[in-house]
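Visitor: If you read the protein sequences in the order shown, they are chains G and E.
Position one of the first sequence corresponds to residue 180 (our numbering), numbered consecutively onward.
Position one of the second sequence corresponds to residue 69 (our numbering), numbered consecutively onward.
Honestly, the hints are just simulated from the structure, not real lab data.
Remember, predicted model here, so these are calculated numbers, not experimental data.
Hints are not guaranteed to be accurate.
[Stated by the list, open to error] Heads up, simulated DMTMM-like pairs for lysine to aspartate or glutamate below, C-alpha to C-alpha not over 25 Å straight-line: (1) E:Lys156 / G:Glu399; (2) G:Lys396 / E:Asp118; (3) E:Lys137 / G:Asp538; (4) E:Lys173 / G:Asp421; (5) G:Lys855 / G:Glu788; (6) E:Lys186 / G:Glu788; (7) E:Lys72 / G:Glu441.
[To be verified] A short list of chain E residues far from chain G (calculated; beta carbon distances all over 10 Å): (8) Glu92; (9) Glu103; (10) Glu110; (11) Glu113; (12) Arg179.
The beta-carbon is built from N, C-alpha and C at its ideal position, and this holds for glycine as well.
Below, each chain spelled out in residue letters.
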Amino acid sequence: MEEYRDLFLAEAQEYLQNMTNCLLELEKDPSDNDQLTEMFRAAHSLKGMAGTMGYELITELTHDLENMLDHLRSGEITVGTDLVNLLFEAEDMIRFLVDNLESQEEYQGDVKALQDKLKNWEQFSPEKAAEAAQAGQVSATETEAAEDKAEPAAKEAQPDGSSVPKAEDIKISDLLNEFEKETLKEGMFKGENIYYIHVKLREDSLLKSVRAYMVVKAVEAQGELIKAIPSVQDLEDENFQDEFTLLLMGNPEAKELQSTIESISEIDQAHITLLDVDEELELQRDEEVEAAAAQPEQKEQRAPVEEKKEQVGKEALAAKAKDEKGDEKASPAAKKSRAASSLNRSGDKTVRVETAKLDNLVNLVGELVINRTRVVELGKKTEDEALEVSLEQLERISTDLQGAVMTLRMVPIKQVFDRFPRMVRDLSVEKGKDVNLSISGEETELDRTIVNQIGDPLVHLLRNSVDHGIENEEVRRKNGKDPAGKISLEAHHEGSHVVVSVEDDGAGIEPEKMKEKSIDKGIISREEADTLTDDEAVKLIFRSGFSTADQVTDVSGRGVGMDVVKTSIESLNGTVEVRSEVGKGSKFILRLPLTLAIIRTLMVGSAEEIYAIPIEAISENLFVEPEELRTIQGERVITLRDEVLPIYCLEESLGMGTFQEKEVYPVVVVQAGEKKAGLVVDELMGQQEIVIKSLSNFIKDIVGVAGATVLGDGRVTLILDVASLLEDGRV
Amino acid sequence: MLGKKVLITDDTAFMRMTLKNVLEKNGYEVAAEAEDGVQAVEKYEELKPDLVTMDITMPNMDGITAIKKIMEKDPQAKIVVVSAMGQKALVIEALNSGAKDFIVKPFQPDRIVEALQKVGG
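Extracted from the complex, chain E is given alone in its bound form:
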């Protein structure tokens, strides 16, 4: 079985790389990387990935807006928020906007995998 396709969204290259390494090691296929909400929405439409990781604080378009836009287009989208510490209110907003789960940076590799597995089956 082919690995699930994941879209990574984060404005820092470092975090994208870290996520990519963890995901690829665990049998996921990283379909694309997005640097902000605008790219995330575009790439989601273009590639229809199985799963999305979403940072919240990003330039151009923040993660919450991106989640809303993606959910609008595809209510089945499976988005996991990857947030910084202390963003309680934002995480709740993201969940209310349609995100399925969240993890907190700095994360342990198995946590993101667990979250993606639970969300994406």
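Pulled out of the complex, with its shape left as it was, chain G reads as follows:
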């Protein structure tokens, strides 16, 4: 079967893309039966393929989707925004399941919730217009939730129609996802208690996040924290008011728990409730089984007819799944084993670790690598062969270790990319343009801090492409282009970098227009403009104060220009490039380092010290003869390829000494943003990869110093922060 998998994946993507296209068309022209037929066919083919491959969730979901489309075709229901949103949601989910074939079972809850919605197709019938409007709101909010698909597991399962009365006021099943529920069930078998802890901090307390941290830490010492609302991350980031809720599983006395929390100062109230989860989760389960077996009860009088039809229509696969669930219900032992196996299964694949612990590990490995280099150097001096062999072994292992640890911090860029298809679709609908976004390379991994920070720049680039890049449909037709614009978002590895590009087949950037704008805005003078090549003119887009939008729209042109994109990418040690061809489109290329913990640097000697300059900041190295050096208004300069380049002496800039006459001056040409300068050093010592150590707080904000590193021989070396040196005007 495995050999067919690639084929399945490729074809599934194709069908999904077809579905997206059809949906977009359908939304524009609800009467377009061809699109509906096409979409139906795509769903049907997908169902067949998934069934053959044994992907039950996809099979069931596409089955329900197909049914929905069938009702649509027969005219029982009509296309509306809510319906399109729901169809998009279903399509997103199928796409997600296809992308996550290995772990699809984990998302059973999400799929179930969606299936219930699809089965409830009647709400879209014209007669039920009033109710549909109401339901539409629900569907819209849930669409938003689906957008944030980076972590569907964390998304709270919201089974529709859970009208089962609950004994408790606190409906924990609404708060938990499937995995958390399983964990709770597992705990219950072991006889653990579940506490619902509500904490209110004093309104005027400061550093609330740390307070919350203390509470979390204190209760974690007494049991297992199942859930925090808001999430622990939000608590850490202080994204909460004064109150938060924790679910704890364990066996401390409620009193004990209460006094633990109250022993922390600035707590206004701590409220602890022992939950009878058992009953509630049982109810929940029964309901799930019922839902799987038939239509939800709320279907009222029409239910019996519907149920029959549904039963007949159900695939054998679904029936099988049903039986399994029925068995579990009958035998608690089977249930327990399932809970356990599901725990094991998830446990095998992932372990949740605090990022602080990871950072610490990375740091320690960094130290280890530095010390290894030292030991290896010492070992070479002894000329002991056995020692050398084992040192080589040590070197290899620690290099592997370093690589392995680095990958721990790596996450697929998918986390960011996933929110874009919907965003682009919504934007293009809003702008009345037809835009297809294609994404590739989303499995490319890079450091999580970088992934977290490239979202906004990418949003900006994509918005720009939709708003300014892609032309109106008439214009495109007139120019003989496909009326549907194309934007591709792509990521791939390139050495120690990840390249992310956003390309559109729109109007491109007109160099002349850029020049005019820049002159209008006073960014450059007319004389300067005349000397610019087309490429240079296009690059003006990155200058601050520049915005090409003729009008301010709510899509882009909000005063946040491309210069912000450039700055934020550069702050990650990355670069941005733009390529554009008038009438054909533009491409923005971001080049990002894989990690921020290790950088490539050029080591230079200056005044008996060694400094490390990040390679990204260096444009070239030169050797300058004394006679090339001129003085203009008291500043040293050289002429480099017809440009005047200011020259500074690194020693002097850092306050370590004064300019010394030499026979030849080694010069490192550095660049940050648009500023460029040459630094005179004593010696160029070659490139080296170094582990960045941040400086302690006392000396954190020194101009010109980004951090430090320890060299193989144990010497501490400062890493220069070229941007701040240039900014400061000292260089």
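Following the hints, complete the assembly by docking chain E onto the known chain G.
Guide: Using the frame of chain G, we list chain E on its own:
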């Protein structure tokens, strides 16, 4: 009952004085004042106070290192961090190093008293 003995650690004389006034008014006995982490560790060993207030940013030895050293010698030590605003990461580190609670400068007198009472009983 005699007031609990407190060791005040802060590099600014002003803050030490303020703390001392508040504590003495509330029935605590200020056993000693330390100007940096090194002194704090020395005086802790010498005087075995019931409670310690600890600044974080100090010359010679910072508060976090001092907390670690004190906790190493006396795991029962009761230390309350008195930090400046915006030192979230450092406060968390201090708590992880063994500090029992924290307050943020500029503080209200009752807050430090509350924190000390909760920590020291």
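Visitor: Find the hints from earlier in the document that the structure breaks and name them by number, from lowest to highest.
Guide: Hint check: 6 and 12 fail, others pass.
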